[in-house]
Amino acid sequence: MAEDLDQLQTASQKNVANAIFKASARSPQYIDIANDYLKGLTMGIDDVVKLQKKGLSQDEKKQMRKQSQEDIKSLNLAWLNEMVNTDAQLREKMSLFWHSHFASRNLNIYYQQLLLDTIRKNALGNFADLLREVSKSAAMINFLNNNQNRKDHPNENFAREVMELFTLGRGNYSEEDVKEGARAFTGWGANLQGDFVFRKFQHDNGDKNFLGKTGNFDGDDVLNILLEQKQTANFIAKKIYRFFVNDDIDDSKVAWLGNRFHQSNYDIRALMEDIFASDWFYEEKNIGARIKSPVELIVGIRRMLPMDIENEDVLLIVQRLLGQLLFYPPNVAGWPGGANWIDSSTLMFRLRIPQIIYASDQFDLQPKEDDDQAMGIKEMNDGPMRIKGFGKINGGQMIKAQISWDKYLKKFDDVQKENLANEIASIILQVQNGVAENTLRKFTDNSSREGFIKSATIQLMSTPEYQLC
Amino acid sequence: MLIKRRQFLQAGSLAATSFMLPKFLKAFEKPMMVPQGNKVLVVLQLSGGNDGLNTVIPVGNDIYYRVRPHLGIEKVKSLILTEAVGLHPSLTALRDLYNDGSLGILNSVGYPNPDRSHFRSMDIWQTASESNGFMSTGWLGRYLDAQCSGCDKPTQAMEIDDILSLALKGERIKGLALKDPARLYNTSHQKYFKDISAGHQDEHTEKPVDYLYKVMAETLSSAEYIYQQSKLHPTSAQYPKTGLGKDLQTIASLIFSDINTKVYYVSLGSFDTHVNQQAQQQRLFTEMNDAVKAFVSDLKSNNRFQDVMLMTFSEFGRRVSQNASGGTDHGTANNMFLVSGGLKQKGMIDAMPDLNDLNEGDLKYQLDFKSVYATVLNKWLGADDKKILGKSFSHLDFI
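Residue numbers (the numbering used here), protein chains in the order written: chain D, 1 to 469; chain X, 1 to 399.
Here chain X stands alone, though its shape is the one from the complex (with noise of 0.2 Å):
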């Protein structure tokens, strides 16, 4: 398999250099690269801790207005789900998702013994670490670890981004950060690169150098080919012009082409809404609307809308009551948005959070975060969660 694989590789891109590729190429890599029902997840990280009770709204709940004299979201201005339940008024993509079963809505989602700092939160979340563990590999980092072990173009999963996240970074494979595959593929196609990287002489010893060589030699590898798989079937849907919306577009360019990628992230921010939090959080909100159902529309006419989970979350959520300044402080809890076309559980799939239930002024967590991770990993993307996680945990039913 791994000898095939190489094999059509260097075919697949010696025939790509000739500027196009034969049709019955073409037609011989499909089952080879994108088995039918190939999933792929695409993580939207809301950096900066996004204020969750203003985004999944407990319309009906007076606690929640009476904390909140200022900030609370009026019933009839939010978008109204359910009778308890509205939706940020931005999110008017999301509610259409939700009347169509493409949307889920997990609430309380956290873990045990919250941080409130920022680096210290988002590293949990990242590397799926305890609250009192340290961990320098993120969870999807170790799931390349765990999926990609002999993969000689490590595009397993990749970050639309100049800086790649600790999520995407594993003991031995990290995954690619990009903002824009032409950009790196000319940053890199240079023969004294490749002549010097074949030159290296690798002692394999943990020094600094041998790592630079492997990350550049991998680099080579994989630029070429993400490069033209990303010039094979470009969308040619409209996005918004912003800073998600080009992210999304790249994505799906690379979805509808032959890559391998299984795992996408991208993220959007900053939430961090101490002061002036409306305004804030409304202009962000549009930016992810305005994005995601351009993308959606895009994956749905493409026939990928089936095959592709976009999930969404933040470090923490913010405290119950409004702060002085027009906006929230660091709380804990939160909820995540699951969009794709092939949800088994759609809607509110658990319960809005307690308010008469609180922890000095903040919700208590209900789920895991690392349950969630535990459920994608192993029934979207069929992984052997346990090992990547370290530990066992329940798994949830929306796929």
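Bound-form chain D, shown alone (with noise of 0.2 Å):
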């Protein structure tokens, strides 16, 4: 994005909103995890029953959950870089809003990478599709228990989820339809590679009644029932528009986007088009008017800045820090989002991210040598020292990363030095910046330009205001 500043400033809002789409455009690739002993295991096999019966070891299972729980952590970063470099900005920002509001918590990889790859290829088309491909994915029937729904022996945790989280959204249904709507998806499973099978012996055909329907419905018919109904659409653009708009809803536009999306048959690029062209989209009170998520404050730090990270992991640790684990969600319901994710401890890490990263950076590069500077500067030269307090607590851990500074620092060429500080502000920030100037200056390297920009840019991006979009 850092690349795109220059043309963002002078093209019209149209033009913008056309390339990010046009960016977006392509279909994703498969982000492939996992591991060849994992494949080599499973190949062939499509029950527990059958692998149980190939007789793995005791070790050779616990192998095989390790290795998966490995490659999970890998998919999660592999998700993150791709969020980092890829074109298709608004594509993996679709994604991170439909993989919390389809969440799911699974130990299989493959599960875990076929989900997200649903999520990813769909996350710009049409939620009905969807919607559809989703409940049918092994991640979803296993996490809700649809595996152990059988006729006689109903388990309705996968059709209350349907109902609550993924279409109407609570108070739109009885706890009938629940009953009911779990008899519909009696014999919906998944096998062991992740496949959809549909276990005909373990399926209600009985007449169902749900939502004021009655017939011998399955679970595509029941997904259809829901589709039908004009709730779900605007509960989905109610959940859209607290995620890309502002967290206070604006009813009347919520409305009006729920018909419209209902209208295109869930269309979601079209919705999102609806967005993008509202003039209201770019009022005041909707810039900045949002607590990003923990993955959205990495992200953005690393799309404007640019690094080689040294030990990735630690991402993992960040992203748990600050409560949002990629594939880990909270419960079904994803994460809340918004004032949720501030308190005490997650907004302090979150303001320290920015000097951590770059004191790691700097460590060994800048020596300070100028007493002039020391008052201001030793408050960031304090910070390895600190950091290595705090990183103790998390088995030694720091950002070792090297910021590509290179192509930041062109943007102010043209800057004159007075204006530096209110410049870097007005990229860095998309509220006003209440930093005054000569509180910044205490605690930036005044001893160069380079090192002006570098320094207030971090602080800038230490504030409550970097975390807002």
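Certain hints may be false.
[Unchecked claim] Below are the SDA-like pairs computed for lysine to any residue, each with C-alpha atoms no more than 25 Å apart in a straight line:
{"no.": "1", "chain 1": "X", "residue 1": "Lys-214", "chain 2": "D", "residue 2": "Ser-426"}
{"no.": "2", "chain 1": "X", "residue 1": "Lys-191", "chain 2": "D", "residue 2": "Glu-450"}
{"no.": "3", "chain 1": "X", "residue 1": "Lys-293", "chain 2": "X", "residue 2": "Pro-234"}
{"no.": "4", "chain 1": "D", "residue 1": "Lys-292", "chain 2": "X", "residue 2": "Asp-195"}
{"no.": "5", "chain 1": "D", "residue 1": "Lys-66", "chain 2": "X", "residue 2": "Arg-283"}
{"no.": "6", "chain 1": "X", "residue 1": "Lys-39", "chain 2": "X", "residue 2": "Lys-391"}
{"no.": "7", "chain 1": "X", "residue 1": "Lys-207", "chain 2": "D", "residue 2": "Glu-450"}
{"no.": "8", "chain 1": "D", "residue 1": "Lys-73", "chain 2": "D", "residue 2": "Asn-331"}
{"no.": "9", "chain 1": "X", "residue 1": "Lys-207", "chain 2": "D", "residue 2": "Lys-400"}
{"no.": "10", "chain 1": "X", "residue 1": "Lys-207", "chain 2": "D", "residue 2": "Pro-336"}
{"no.": "11", "chain 1": "X", "residue 1": "Lys-241", "chain 2": "D", "residue 2": "Lys-14"}
{"no.": "12", "chain 1": "X", "residue 1": "Lys-246", "chain 2": "D", "residue 2": "Leu-316"}
{"no.": "13", "chain 1": "X", "residue 1": "Lys-194", "chain 2": "D", "residue 2": "Gly-434"}
{"no.": "14", "chain 1": "D", "residue 1": "Lys-238", "chain 2": "X", "residue 2": "Lys-241"}
{"no.": "15", "chain 1": "D", "residue 1": "Lys-62", "chain 2": "X", "residue 2": "Ser-131"}
{"no.": "16", "chain 1": "X", "residue 1": "Lys-246", "chain 2": "D", "residue 2": "Asn-331"}
{"no.": "17", "chain 1": "X", "residue 1": "Lys-214", "chain 2": "D", "residue 2": "Asn-438"}
{"no.": "18", "chain 1": "D", "residue 1": "Lys-61", "chain 2": "D", "residue 2": "Lys-73"}
{"no.": "19", "chain 1": "D", "residue 1": "Lys-213", "chain 2": "X", "residue 2": "Glu-360"}
{"no.": "20", "chain 1": "X", "residue 1": "Lys-191", "chain 2": "D", "residue 2": "Asn-422"}
{"no.": "21", "chain 1": "D", "residue 1": "Lys-61", "chain 2": "X", "residue 2": "Gly-326"}
{"no.": "22", "chain 1": "D", "residue 1": "Lys-400", "chain 2": "D", "residue 2": "Asn-85"}
{"no.": "23", "chain 1": "X", "residue 1": "Lys-77", "chain 2": "X", "residue 2": "Ser-90"}
{"no.": "24", "chain 1": "X", "residue 1": "Lys-207", "chain 2": "D", "residue 2": "Trp-335"}
{"no.": "25", "chain 1": "D", "residue 1": "Lys-151", "chain 2": "X", "residue 2": "Ala-324"}
{"no.": "26", "chain 1": "D", "residue 1": "Lys-292", "chain 2": "X", "residue 2": "Lys-207"}
{"no.": "27", "chain 1": "X", "residue 1": "Lys-207", "chain 2": "D", "residue 2": "Phe-281"}
{"no.": "28", "chain 1": "D", "residue 1": "Lys-62", "chain 2": "X", "residue 2": "Glu-360"}
{"no.": "29", "chain 1": "D", "residue 1": "Lys-61", "chain 2": "X", "residue 2": "Asp-195"}
Rather than coming from a laboratory, the hints here were simulated on the basis of the structure.
Given the structure is predicted, the values throughout are model-derived calculations rather than measurements.
Mind assembling these two chains? They're in different frames, but the hints should get you there.
Below, the structure written as structure tokens:
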């Protein structure tokens, strides 16, 4: 994004929106992480029972679980890197939205990478397709126990969540609908490779009464009935409004979006075009009105300041500390977002991250020798020492990163010295900069132009204002 | 009073930075910060919906064994409390507390029109809302709102976690989430943050940026205070090296300090045992049992067991019948444990659930959990329960 900034400032809103959609038009590459060892073990096995029959030793099973968890970490970092490096920003951002909407915790790497692929492929496509594919994904079927949903022994977990969280939202269905819906989903299962399996002998073929309709419904019928409900379009539109526009809902705008979304038969791209083409999207009250999610924060820093990270795994710890570890949502409802991201400890850690990255980068390279600046610089110089202390608690972690500053610095070539702080703030922050320049200058490297740009950028990223988008 | 407290805190933190707290200050601060009989509540959330029937087991009930042919825990394997009641085999420390008169068990706790969604039912328990009502504040958060107006250090309620639960979020005041006092201190102690915080022109709007600056200012003032307190009297007792063991160790160290924290909140999970319940519940109960054992013993040897009450809850119990996958599905009413040296009622406080009188295979609740909250708020924490819960609930007699 950093390199597009200059163009963004001159282009019209419509052109920018078009460019954003165009960049996200191509179908994404499948992120295939699953380790060959795992593939060998599960090759040709379509059932847990058969896997047990194959007679894996305890060690092999343990190794398999461990490998799978390791692979999920790799999948996390691979997707994070994709978010950082891709031109298809909108697609990945929408995917992040759906990743929380269709939240699934699962220790099977196949299931996770297949669900992610489904989400990324359909992120800007059709919500009906996305809902159907997710509902038939091994990740969701297993997470919500539909493999155990059998005729005479219904398991309601899937049927409940599909209504509460994926389509209608609470209060728009009855407990009876949950029970009847669960009967319709009986027999929906998945095998070890993650393929959908319909087990017809486990399916309940009796009539079901679901949302005012009666018939021998199966899972597809129930999904279709849910998609017919206008409430489903409203529910999704509201959630997307929250994610892209403002946590504070404007009911009339959401109703308009929901209506259009339903009319378009759930065309997600059209919904997003509606949002980006609206004047209200660019109103001041809707800019910087959202608190970035931890992943948005991390990705945003890395897009603005491209960097090589020596110990990438540390980003998993950062995600965890900030309350959003990809592939590990708190529950099926996903991450609640908004002010929920912020409490004492998460806020303070957010504020420290840019400094932590910068300090480890600069620690040996820029010894301070000018006492005149010591009172300001010292604060930043103290950083690494405390970071080490901080790191000890988390197993001695530091973010060992080399920032590539060249492109970023070039943006300021034509900026006069006295305008530098303002210019940096206008690029870094979405909202009005609240840090007075004389305060800022106490904590920046004022010995050179370059040093000032770098340190002022980092310090302005270490503010409450930077948490907003 | 407020001014005195501010002066004291300033003096206290100055002294603390000089590494050792002078003895005269310690002596001065005790009566100020920890009034005799200061009551502390520790809430232990069993996340995921713990299976209450395999926790406090109706070992004298044939129906239990009939509907749980595989999952039912045999009487001889349970830890017998009475002829009709046994505890889960892993809960040996709780059995000892029962014999000691330091354990209270509340049965069939729930609420009308129970919700079987984790998310929603946890919301209901954490906010103390009705089943059809929605609230954005937690019951302990509203306790903070009521108790702590004018507090410059909102340390009255603390969650030992990286993320703060809704339970501790009030309208105006939020509890503090911290996994470790040193971590919070290390991430906040910096002059740059102090300066930009001081320089912020608060427009007193509802804008997110003002909210962020407010949280920042409160954190800066609290972090140092908590950290210094945590170093005053760190517990020397041995705790298990488990998640909950470490959390209760942190809580003990703070209880033994002079901090003004009245409520601690900690979670253990996941108890969502749809599949393979036996192994999962046993593992979690072993962790809980060993951690609580160490905690109680530590409190006793520091003469604080009378003043501390640990209370467990879960968002719901589970179905009375086992399911086809070696587990149980989401149910309704559940039991709660109360652990303290200061209980007025002990042992089985009310009747075991009636398995003859079910609602479509689920337990009927007999006791609204909001009555338990009202009792704790009013009788233990000395707060206005009606104001906090929005209406009057009958008080129980266990404290």
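Now the hints, each set against the structure:
1. Distance check on the hinted pair: X/Lys-214 and D/Ser-426 sit about 23 Å apart at the alpha-carbon level, within 25 Å; holds.
2. Among the hinted pairs, X/Lys-191 with D/Glu-450 is consistent with the structure: their alpha-carbon atoms are about 23 Å apart, no more than 25 Å.
3. For the proposed pair X/Lys-293 and X/Pro-234, the alpha carbon gap of about 18 Å is at most 25 Å, so the pair holds.
4. Of the pairs offered as hints, the one joining D/Lys-292 and X/Asp-195 holds, with about 23 Å between alpha carbons and a cut-off of 25 Å not exceeded.
5. The suggested pairing of D/Lys-66 with X/Arg-283 holds, with an alpha-carbon distance near 19 Å, which does not exceed 25 Å.
6. Between X/Lys-39 and X/Lys-391 the alpha-carbon distance is near 24 Å, which keeps this suggested pair within the 25 Å criterion.
7. With a C-alpha separation of about 34 Å, the suggested pairing of X/Lys-207 with D/Glu-450 is violated against the 25 Å cut-off.
8. Distance hint between D/Lys-73 and D/Asn-331 is fulfilled; the C-alpha atoms sit about 18 Å from each other, no more than 25 Å.
9. The hinted pair formed by X/Lys-207 and D/Lys-400 fails the criterion: a straight-line CA distance of about 35 Å is larger than 25 Å.
10. Of the pairs offered as hints, the one joining X/Lys-207 and D/Pro-336 holds, with about 19 Å between alpha carbons and a cut-off of 25 Å not exceeded.
11. Restraint check for X/Lys-241 and D/Lys-14: not satisfied, since their Cα atoms lie roughly 58 Å apart, outside the 25 Å limit.
12. The straight-line distance between the Cα atoms of X/Lys-246 and D/Leu-316 is roughly 22 Å, inside the 25 Å bound, and the hint therefore holds.
13. Distance check on the hinted pair: X/Lys-194 and D/Gly-434 sit about 14 Å apart at the alpha-carbon level, within 25 Å; holds.
14. A hinted pair counts as satisfied when its Cα atoms are at most 25 Å apart, and D/Lys-238 with X/Lys-241 does not qualify at roughly 44 Å.
15. For a cut-off of 25 Å, the pair hint linking D/Lys-62 to X/Ser-131 is broken: about 42 Å separates their Cα positions.
16. Proximity of X/Lys-246 to D/Asn-331 is assessed by CA-CA distance (about 24 Å); at most 25 Å being required, the pair is judged to hold.
17. This hinted pair checks out: X/Lys-214 and D/Asn-438 have alpha carbons roughly 22 Å apart, not beyond 25 Å.
18. Using a Cα cut-off of 25 Å, the hinted pair D/Lys-61 and D/Lys-73 holds, with the two alpha carbons roughly 19 Å apart.
19. Distance restraint check for D/Lys-213 and X/Glu-360: the Cα-Cα separation of roughly 24 Å lies within the 25 Å cut-off, and the hinted pair is therefore satisfied.
20. Among the hinted pairs, X/Lys-191 with D/Asn-422 is consistent with the structure: their alpha-carbon atoms are about 22 Å apart, no more than 25 Å.
21. A threshold of 25 Å between alpha carbons decides the hint, and for D/Lys-61 with X/Gly-326 the separation of about 20 Å falls inside it, so the pair holds.
22. Pair hint D/Lys-400 plus D/Asn-85 holds up; C-alpha atoms about 19 Å apart against a cutoff of 25 Å.
23. Pair hint X/Lys-77 plus X/Ser-90 holds up; C-alpha atoms about 10 Å apart against a cutoff of 25 Å.
24. Of the pairs offered as hints, the one joining X/Lys-207 and D/Trp-335 holds, with about 21 Å between alpha carbons and a cut-off of 25 Å not exceeded.
25. Restraint check: the Cα-Cα separation between D/Lys-151 and X/Ala-324 comes to about 11 Å, which is no more than 25 Å; the hinted pair holds.
26. A C-alpha spacing of about 14 Å is found between D/Lys-292 and X/Lys-207, which places the hinted pair at or below 25 Å, so the restraint holds.
27. Restraint check: the Cα-Cα separation between X/Lys-207 and D/Phe-281 comes to about 17 Å, which is no more than 25 Å; the hinted pair holds.
28. Taken as a hint, the D/Lys-62 and X/Glu-360 pair is broken in the structure, with Cα atoms around 40 Å apart against an allowance of 25 Å.
29. In summary, the hint linking D/Lys-61 to X/Asp-195 is not supported, as the alpha carbons are separated by about 55 Å, beyond the 25 Å threshold.
Checked against the numbered hints given earlier, this structure breaks hints 7, 9, 11, 14, 15, 28, 29; the rest are met.
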